[in-house]
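K.L.:
Take a look at the letters that make up each chain.
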Amino acid sequence: MVEVGVEYTRVSEIRGPLLIVEGVSRASFDELVEVETTDGIKRLGKVLEVGQGKAVIQVFEGTTGLSVKGTRARFLGKTMEVPVSQELLGRVFDGLGRPIDGLPEPIAEEFRDVNGAPINPERREYPRDFIQTGVSVIDGMLTLVRGQKLPIFSGSGMPHNVLAAQIARQATVVGSGEEFAVVFAAIGVQYSEAQYFKRSLEESGALRRSTLFLNLADDPAIERIITPRVALTVAEYLAFDLNMHVLVILTDMTNYAEALREISAAREEVPGRKGYPGYLYTDLATIYERAGRIKSVKGSITQMPILSMPADDITHPIPDLTGYITEGQIVLSRDLFRRDIYPPVGVLMSLSRLMKDGVGEGKTRADHMEVSNQLYDAYARAQEVRALSEIVGKAGLTGVDLKYLDFGDAFEQQFLKQAVDENRTLEETLRRAWDVLSTLPEGELTKIKEVHIKKHYRAKAG
Amino acid sequence: MAHSHAHDHDKVLESIVGKVVSQVESDLIAQIESSYIQSLERLRASKAGLVAEYNKIVENASKQAENLKRQMVESSRLAVRNRQLLLIEDAVSSAFSNAIAMLDSIRSDERYEAMMRRLIESTLDAIGMDAVLECSEKDRDMVDRIVLELQHKYNFSVEVGDSIPCLGGIKARSRDGSIILDNTLDSRIERLRPILKKDIARLLMVEVGR
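Chains A and B are the protein sequences, given in the same order.
When you line the first sequence up against the numbering used here, it's residues 1 to 462, in that order.
When you line the second sequence up against the numbering used here, it's residues 1 to 210, in that order.
One chain only, chain A, in its complex shape (with noise of 0.2 angstroms):
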C-alpha cells in the first residue's frame, strides 16, 4: 500500500513558480501536492518533473513568500480533483475551485481529475443544433451550434465580455426552448470584468444556471494554469452527467498562456515563437478539444474561449494556433469599435466552420446560408468600393458602386449594429438581412435562389 499524504522539507531550491525539493522516493508526476509555508499557510501545486530523488514542484499559488528553510512539501498521493455536484450552480469560486461567495465547500456526489477523460473520437457526435444567441451577426452569419468551440478574437478595451455575457445571457436552443447553464472562468481578468460578467448574469436571473470561477488579474498567475480545467471538469460533469447543455465561457486564454510561457521559461526550456512554449499547441488543445458532444449523451459543451490579442495582431501565436484547434472565430474589429458599432463583429474575417451543418431547412428557415454568402458577397464588395471611394471620390464611382456604398451603411447600422440587452429572434434577423439586401438591385444578389429571392426581396424606391 503506497502511504498518501507523506511530507518533505528537504527544499532545495524555488525558482519563479516552481519549488525543487529533494529526498523525494514515491512521487508522481502530476501529483497534487500541499506545500506549507513557515506560519502554516498552505498552497497548492503540482509534481512537474521527478527522478534522481528529486521532484519539481509547480506552485500554483505562486512561490512568493517561500523560503528553503521551512518550507515543507506534502504529497497527496493523487492528481488535482475538483467536486462535482449540481449544487455548484449558482456558486462563485476562486481560480483553483475554493468557494469565495461565503458558502461552505460544496457537497460533492464525486471527485473529478481536472484534466478531464478525452472523448472517444468514435463517440463524438458532429454538433449540428443551432443556437440562437439573438445577436443578429452571430445567428444571421457565423451560426454557433451546440457543441462548438467558438473562440471571439478580441483586443484590450473592445467589449468582447458584454458580448461573451450577453450571447450567456440569451443563448437558447430554438424549438426546445432549452436554456443553457453557464459556467464562466475568468483567467487573468480585471476585478470589474468579472463583476460585470456576475452582476450581467445575475439581472438576467441566469446566475442559478451559472457557475463562476474567478482568478483576477491580481490572482497569482499559475493558477490560470488550472482555471479553465477546473471549469471544464465541472462542465463535463453537467453536460455529460446531467445530461445539461453548457456554454462555456473561458476569458482570456491570454493570460493562460502568459501563465504557460512563465512557467516554461522558469524550466529553462527552449522556447518557441514569442517565448511561448513549443508545446503551445499542444496545451491549448487539451483545453479546447473539451468541447463537444457525445452519442447517446443528452447534455454537451459549447465554448467561447476569449482571447486578447497583443496589438490586435492576428498572426500572434496565441489567435494563430487557436485558430487550428477551434471551428472557426469571431473577431471584434477595432475600426468598427471606434465607430460606435456593438457588437463589432468584423465578419470579413469571422467564420463558423460548423454554420453550414446548423441551418437550413429543417433547422433554421431555407434561405439562411444563402442570405449569409450573400451578405458576406456584397460586404466585401462595398469594402472595396469604399476603399475606392477615398481615391476616386464619390463622383467616379458607378450608380450600382453607390448601391453597394449605401447597403454597407446599412449593413453596419441596421444589420450588425443593436443595443446590448436586445435579443433579437432569428426571423427578425433574417427580416433585416432581407432589408439591408434590399438597398441592392436584384439583379446583385447572385447568390440566392431565385424562389426565395421572389418570396422576400423588397426593391427600395429610388
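It should be emphasised that the hints constitute simulated quantities derived from the structure, not laboratory data.
Don't take every hint at face value.
Unchecked claim - Calculated cross-link-like contacts (lysine-lysine; reagent style DSS-like; alpha-carbon spacing at most 30 angstroms):
| # | chain 1 | residue 1 | chain 2 | residue 2 |
| --- | --- | --- | --- | --- |
| 1 | A | 455 | A | 363 |
| 2 | B | 198 | A | 298 |
| 3 | A | 417 | A | 356 |
| 4 | A | 298 | A | 198 |
| 5 | A | 356 | A | 449 |
| 6 | B | 171 | B | 198 |
| 7 | A | 54 | A | 69 |
| 8 | B | 171 | A | 78 |
| 9 | B | 153 | A | 417 |
| 10 | A | 417 | A | 447 |
| 11 | A | 417 | A | 455 |
| 12 | A | 54 | B | 11 |
| 13 | B | 63 | A | 198 |
| 14 | A | 363 | B | 63 |
| 15 | A | 363 | A | 447 |
| 16 | A | 356 | A | 394 |
| 17 | A | 295 | A | 356 |
| 18 | B | 198 | A | 198 |
| 19 | A | 455 | B | 56 |
| 20 | A | 42 | B | 171 |
| 21 | B | 56 | A | 417 |
| 22 | A | 417 | B | 69 |
| 23 | A | 198 | B | 69 |
| 24 | A | 274 | A | 356 |
| 25 | A | 454 | A | 403 |
| 26 | A | 69 | B | 171 |
| 27 | B | 138 | B | 153 |
| 28 | A | 363 | A | 274 |
| 29 | B | 47 | B | 63 |
| 30 | B | 198 | A | 42 |
| 31 | B | 56 | B | 69 |
| 32 | A | 449 | A | 403 |
| 33 | B | 198 | A | 78 |
Claimed, not checked - A short list of chain A residues far from chain B (calculated; beta carbon distances all over 12 angstroms):
| # | residue |
| --- | --- |
| 34 | 16 |
| 35 | 116 |
| 36 | 125 |
| 37 | 174 |
| 38 | 373 |
| 39 | 412 |
| 40 | 435 |
Every residue, glycine too, gets a C-beta built ideally from N, C-alpha and C.
Since the structure of chain A is already known, use the hints to place chain B on it.
P.N.:
The following block gives chain B in isolation, referenced to the frame of chain A:
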C-alpha cells in the same frame, strides 16, 4: 359738381376696400380652414404615432417587469438554496464533532491495537526504518509494545518520541527530519472529510425526511 365727384370717388374706394377686405377675409378663412384640416390630419397622424409609442412603452415596461419578476424569483430561490447549504454544513459539522468525540472511546475496541500496528507498519514503509514516532500519551504503552515487537521482527531503529495531542494513530518523522508522515486519526479524518460529508449529508436528509 365737385361734391358729387368726391362722393363717387369715396364709393369706388369703399367698394375697393370692401372687395379687399372680403378677399382677405376669404383668404384668411381658407387659411384657417386649411390649417384646421392640417391640424386635424397631424393630430390623426400623431395619434397613430402616439398609440405606437404608448404600446412600445407598455411593451417595454411589461418586458422590464417580467425581467424584474424573473430576477426576483431566481434570486430568492438562490438565497433559499444558499441558506439550505449553510444549514446542511452546520449539521454536517456538528455530526462530525459528535463522531470525533465518540472516537475517544475507540481504544476500548479490540481492533484498535491491530489498526495501530498496521498504521505503524505502513508509516515506516513510507518514510524508512530510521524514524521517530510520536503518539498520544494514552497510546504510548501500546506503541512502545508494538515497536518492540516489530524491532525484533525486522531489526530496525525506531524511537518513540514525545507525546502529541491527538485522537489516536501516530505521527512519524525520519531521524534527520526530512520526511514526515502524519498518520494520526485527526489527520486521516480531515483528509476523508470531503468524502464523508456527502454520506453524512445524505443520512441527515433521510432523517429530516422521516
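K.L.:
Is the hinted pair residue 274 (chain A) and residue 356 (chain A) satisfied, with a Cα-Cα distance of at most 30 angstroms?
P.N.:
Violated, because 35 angstroms separates the two Cα atoms, which is more than 30 angstroms.
K.L.:
Given the hinted pair residue 454 (chain A) and residue 403 (chain A), is their Cα-Cα distance within 30 angstroms?
P.N.:
The hint holds at about 20 angstroms.
K.L.:
Hey, residue 356 (chain A) versus residue 394 (chain A), does the alpha-carbon distance stay inside 30 angstroms?
P.N.:
violated, 37 angstroms
K.L.:
Quickly compare the C-alpha distance for residue 417 (chain A) and residue 447 (chain A) to 30 angstroms and report which way the hint goes.
P.N.:
Distance of about 24 angstroms is within 30 angstroms: holds.
K.L.:
Just to be careful, I want the Cα atoms of residue 54 (chain A) and residue 69 (chain A) compared with a cutoff of 30 angstroms; is the pair within it?
P.N.:
It holds: about 16 angstroms lies between the C-alpha atoms, which stays within 30 angstroms.
K.L.:
Keeping to a limit of 30 angstroms between CA atoms, is the pair of residue 42 (chain A) and residue 171 (chain B) held or broken?
P.N.:
holds, 19 angstroms
K.L.:
Once the closest CB in chain B is found, is it more than 12 angstroms from residue 373 (chain A)?
P.N.:
Residue 373 (chain A) clear of chain B: closest Cβ-Cβ about 34 angstroms, beyond 12 angstroms.
K.L.:
Would you mind confirming whether the straight-line C-alpha gap from residue 363 (chain A) to residue 274 (chain A) stays at or under 30 angstroms?
P.N.:
Distance of about 43 angstroms is beyond 30 angstroms: violated.
K.L.:
Given the hint that residue 198 (chain B) pairs with residue 78 (chain A), does the C-alpha gap stay at or below 30 angstroms?
P.N.:
holds, 20 angstroms
K.L.:
What's the verdict on residue 138 (chain B) and residue 153 (chain B), does the C-alpha distance respect the 30 angstroms limit or exceed it?
P.N.:
Holds - the C-alpha atoms of residue 153 (chain B) and residue 138 (chain B) are around 25 angstroms apart, at most 30 angstroms.
K.L.:
Beyond 12 angstroms on every Cβ pair: is that true for residue 125 (chain A) relative to chain B?
P.N.:
holds, 31 angstroms
K.L.:
With the threshold set at 30 angstroms, check whether the alpha-carbon distance from residue 298 (chain A) to residue 198 (chain A) stays at or below it.
P.N.:
The given pair, whose Cα atoms are some 27 angstroms apart, holds under the 30 angstroms limit.
The structure fails to meet hints 9, 12, 16, 24, 28 from the earlier list, while all remaining hints are met.
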